[in-house]
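There are 2 protein chains.
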Amino acid sequence: MFALTLLYFTLWLQVICEVGCRDPLDQPNIVLIVADDMGYGDLSSFGHPTQEPGAIDRMVVEGMKFTQWYSPESMCSPSRGAMLTGRLPVRVGLYGPTERVFLPDMMAGLPKDEITIAEALKGVGYATGMTGKWHLGINEFQASDGNHLPSHHGFDDVGIITPWTHHATCDEKKQIVPFPNRNMCYLYYNTAIIQQPVSHHNLTKAMLLDAKAFIYNHEYQPFFYLFSFLQLHDSLFAAPEFQGSSVRGNYGDSLNEVSWVVGEILETLKSLKLERNTLVLFISDHGSHVEICSDGGKNSPFRGGKETTWEGGFRVPAIAWWPGVIQAGVVSQDIISSMDIFSTFLELAGAISPDDRVIDGISFKPHLLSSGKVPHTRVTIHYYCADRLMAMRYKAYKAHFFSKPNFSPDRYSALCREGWPEIRSYSCYSCYNSCIRSHELSPLLYNVEKDPEELHQLSSKKHNKILMEIWQAKEQHLNSLVKGRPLFTSDGSVSLIPCCNPPYCYCNYFPKYSLNQYTE
Amino acid sequence: MFALTLLYFTLWLQVICEVGCRDPLDQPNIVLIVADDMGYGDLSSFGHPTQEPGAIDRMVVEGMKFTQWYSPESMCSPSRGAMLTGRLPVRVGLYGPTERVFLPDMMAGLPKDEITIAEALKGVGYATGMTGKWHLGINEFQASDGNHLPSHHGFDDVGIITPWTHHATCDEKKQIVPFPNRNMCYLYYNTAIIQQPVSHHNLTKAMLLDAKAFIYNHEYQPFFYLFSFLQLHDSLFAAPEFQGSSVRGNYGDSLNEVSWVVGEILETLKSLKLERNTLVLFISDHGSHVEICSDGGKNSPFRGGKETTWEGGFRVPAIAWWPGVIQAGVVSQDIISSMDIFSTFLELAGAISPDDRVIDGISFKPHLLSSGKVPHTRVTIHYYCADRLMAMRYKAYKAHFFSKPNFSPDRYSALCREGWPEIRSYSCYSCYNSCIRSHELSPLLYNVEKDPEELHQLSSKKHNKILMEIWQAKEQHLNSLVKGRPLFTSDGSVSLIPCCNPPYCYCNYFPKYSLNQYTE
Chain A
-10 MFALTLLYFT LWLQVICEVG CRDPLDQPNI VLIVADDMGY GDLSSFGHPT
40 QEPGAIDRMV VEGMKFTQWY SPESMCSPSR GAMLTGRLPV RVGLYGPTER
90 VFLPDMMAGL PKDEITIAEA LKGVGYATGM TGKWHLGINE FQASDGNHLP
140 SHHGFDDVGI ITPWTHHATC DEKKQIVPFP NRNMCYLYYN TAIIQQPVSH
190 HNLTKAMLLD AKAFIYNHEY QPFFYLFSFL QLHDSLFAAP EFQGSSVRGN
240 YGDSLNEVSW VVGEILETLK SLKLERNTLV LFISDHGSHV EICSDGGKNS
290 PFRGGKETTW EGGFRVPAIA WWPGVIQAGV VSQDIISSMD IFSTFLELAG
340 AISPDDRVID GISFKPHLLS SGKVPHTRVT IHYYCADRLM AMRYKAYKAH
390 FFSKPNFSPD RYSALCREGW PEIRSYSCYS CYNSCIRSHE LSPLLYNVEK
440 DPEELHQLSS KKHNKILMEI WQAKEQHLNS LVKGRPLFTS DGSVSLIPCC
490 NPPYCYCNYF PKYSLNQYTE
Chain B
-10 MFALTLLYFT LWLQVICEVG CRDPLDQPNI VLIVADDMGY GDLSSFGHPT
40 QEPGAIDRMV VEGMKFTQWY SPESMCSPSR GAMLTGRLPV RVGLYGPTER
90 VFLPDMMAGL PKDEITIAEA LKGVGYATGM TGKWHLGINE FQASDGNHLP
140 SHHGFDDVGI ITPWTHHATC DEKKQIVPFP NRNMCYLYYN TAIIQQPVSH
190 HNLTKAMLLD AKAFIYNHEY QPFFYLFSFL QLHDSLFAAP EFQGSSVRGN
240 YGDSLNEVSW VVGEILETLK SLKLERNTLV LFISDHGSHV EICSDGGKNS
290 PFRGGKETTW EGGFRVPAIA WWPGVIQAGV VSQDIISSMD IFSTFLELAG
340 AISPDDRVID GISFKPHLLS SGKVPHTRVT IHYYCADRLM AMRYKAYKAH
390 FFSKPNFSPD RYSALCREGW PEIRSYSCYS CYNSCIRSHE LSPLLYNVEK
440 DPEELHQLSS KKHNKILMEI WQAKEQHLNS LVKGRPLFTS DGSVSLIPCC
490 NPPYCYCNYF PKYSLNQYTE
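Protein chains in written order, with the numbering used here: chain A, -10 to 509; chain B, -10 to 509.
By construction, these hints were calculated from the structure, which means they are not laboratory data. As the structure is a computational prediction, the values presented were derived from the model and not from experiment. Careful: at least some of the hints might be erroneous.
The list treats identical chains as one, so a pair stands whether inside a single copy or across any two.
With a straight-line cut-off of 20 Å between C-alpha atoms, the simulated SDA-like cross-links for lysine to any residue are [as the list claims (entries may be wrong)]: (1) 439 / 282; (2) 362 / 41; (3) 439 / 230; (4) 472 / 344; (5) 454 / 407; (6) 362 / 236; (7) 439 / 232.
So here's chain A without its partners, still in its complex pose (with noise of 0.2 Å):
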């Protein structure tokens, strides 16, 4: 039935495509685009009740949406790595003893024998691009040799990025900080610094114009692109024309822009017949962090987010589009990672994935190009904490082993009071000190197809036999796993921290092209 339903589909698309277009399967082009702690309930597709619909809920109408796809991590370094390599963020080392993230001042990044999406597809004739938000590495030997940014992973063509996020600590609002600090804000163009510290003003559309340009050079080459938002972090900025367009607030205002240049990078595709030949995912890299209180997203209806391993921090808005080749208005409920896109990505530009390595990607094309009729293969989950497996799915069971303390109604109603202080931190970041709570002996058991806000404790003695089959997995996991170093580890020196004209770090070289095309 499948097979048939295949055939039919390749005979369909080859009637197309004498008359006169490229193969949209033919090594097709590929947009990644992935916004930043953007949680599941934020969209006005995915159910948030009064944020303004756009051009994302434009691509649920005219592609498929996904409703159990989960992020590898629940914070930005190793969900991120681990989306870019297929693998789990302990293999690559994408943890520390206290940090979670990469920090500035740490002479680390993903490591090189690691591959990228970039790297395999440029190994079979892609162009490969980025702009925006990286997050996986600055510098390697000392404080200017960007050993670790985007160009050493694959990324042929980089236009602005910002290391890692930082808006907290560069509000020009001075809402949060009484001043931009310089050691925390710098803005690159590919290896160079241009801005230090950052200016929010226009950068989002400043990067929307790297991508056009990007997919106007490659109109007859098949690439693949990142876009990765700056946005909503912190959700500290929008451009003026979007500050105020949304009853949300803040976030709203910047959820619309994204909206607006998601919408703007799928015209552009249009305006250069490109839409058949290019598949454009938009995902989120993790839950939305709720201890910032609105000037944070929405995980409904999840419990939990950011940092923790409830499903508002794993379960991220997902859509696919690809007009012709993936029907409109499908809703995939099959359970995927984004480690899968590794995966996915190189069997759709016919890559060989590498064999001297455990990946934990599983293609989804089947699933894709059947728009869902395909079910994908994947049944379990791991929800890790640095190097701890802290829960496990498995079918439509998930045990907690470990678990934090959930950011409950009460919680936020005492904390996210207005004008008391609204805290830029977490209620329990590091993975291992006292505000983790340990199951391990009696695991809470939920079955979150059943109950996905996690609220009905299931008996174990009940489901005996399914946490048995759980017990199983984890440990044939556990035993056979290969950590990598931890790679968030910090002299504490500040000599490393990126500077464009020491001592004073202070320059700006925001190129005049988006200046004088933006600027009102």
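Please build the complex by placing chain B on the supplied structure of chain A, with the hints as guidance.
Positioned in the frame of chain A, the structure of chain B alone reads:
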């Protein structure tokens, strides 16, 4: 601009209709479909991650989705009475000293001098009919007069109805009660009891047969039909072929049947080529009953549920479908009340709204026919519990003068653990007892557009101006309010309980045609 849009629209409709169809706006048919206790977050298209998408979700794709639609009350009888009369429950008398709905032993019902939508539309030539849940009274003087049943309130063609909701007491599966309580469980066909106790077997499908017969019989006459589901109240039943159809369990199975039935109604209209001449409106009567744990639905992303005045109690999913008249895929985020249905339907039908009483409904016909481009004019929502004004929404703001305890995740986890007795009642049923907290001196204030979850309490100092406006609107409302005589009163006698053949109260005249057609 709006006038131009409407003019253009009218011209376009005329062009369509010159090629042979009845003008869609000339006394359109109206089908009002009401789900029982369905929560805002239960449907795939309203954000549920695992509920299987169905025909109701296709209505969203093909029609208009409403995200700020309010029920008039968070209990059945007051909500339904207000919907049918366009008047606040407190004006109609839909409240009582202890009870919050009509019970079968009460000698009471919707007052005869109230004008229902059915009566108003009958007056301008509409055929009227209904099937399903009524819950607006049974008897007036004695146990068998049926003076308050739908045929006495303007519904001419009445099929299978249940006068109130009694699934929990009629549970054939004996999961809740040891045997069905015949004093509580009876099925009517129009004014005659045809089954006592009720069997849920194929009940919804028999209702569908009634609806189809009505539509076929009135193909050439404007009609108003109320399809009032018995589901998803307690979610205890689904037709055999839907049992096990949902990963969510009983509740999801039941919802899948509901969605299938909605699809059948739309298909019936299409098969008669009536879809351009028929407005179909789908709503829920109020939020879901969260205290019954996994047998209840989801009000995500809102707090609270049925019986409370948190948004979870009052916000409901709502979808309008009218191909060729309402644009596909529109999302309306305007404030609308189910009481507005009365005024809207009357205006669409060309009926005059009564001028001898206060009508709280405001027609949203311009909003509907412009596919949301013309804003709806409603700015206020009153949240009543019996005759107590608990809260008011005014524009984006909501002030709570009283509040009920919130059934939070912590209470869920404590009460809804598998194996523990699930409760079948409410955390705080009454509108006057000690579980209610007063905030009269300093109302809890939220911006429910920015913060639909009611998590970030606003400072009353900073929002003094809006609080004053709300206070003035409240005083104005209360000062001019004339309360109806409270109707939910009972003399405790059992003599008024319906019985098909005293003293046995046991019978089964379930229509043979239905049984034959649907028994597997």
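Evaluation of the provided hints:
In this homomeric assembly, residue 439 and residue 282 come within 20 Å of each other (Cα to Cα) only across copies, at 11 Å, whereas the closest approach inside a single copy is 28 Å. Only between protomers do residue 362 and residue 41 lie at most 20 Å apart by alpha-carbon distance; the minimum there is 14 Å, versus 31 Å within a single protomer. Taking identical chains as interchangeable, the C-alpha atoms of residue 439 and residue 230 lie at most 20 Å apart only when they sit on different chains, with a minimum of 19 Å there against 42 Å within one chain. With identical chains, the CA atoms of residue 472 and residue 344 are at most 20 Å apart within one copy only, with a shortest distance of 18 Å there and 77 Å across copies.
With identical chains, the CA atoms of residue 454 and residue 407 are at most 20 Å apart between copies only, with a shortest distance of 16 Å across copies and 48 Å within one. Taking the closest pair of Cα atoms, residue 362 and residue 236 come within 20 Å of each other only across two copies (17 Å); inside a single copy the shortest separation is 38 Å, beyond that limit. In this assembly of identical chains, residue 439 and residue 232 lie within 20 Å of each other by CA distance solely across copies; the values are 14 Å between and 39 Å within a copy.
Checked against the numbered hints listed earlier, the structure breaks none of them; every hint is satisfied.
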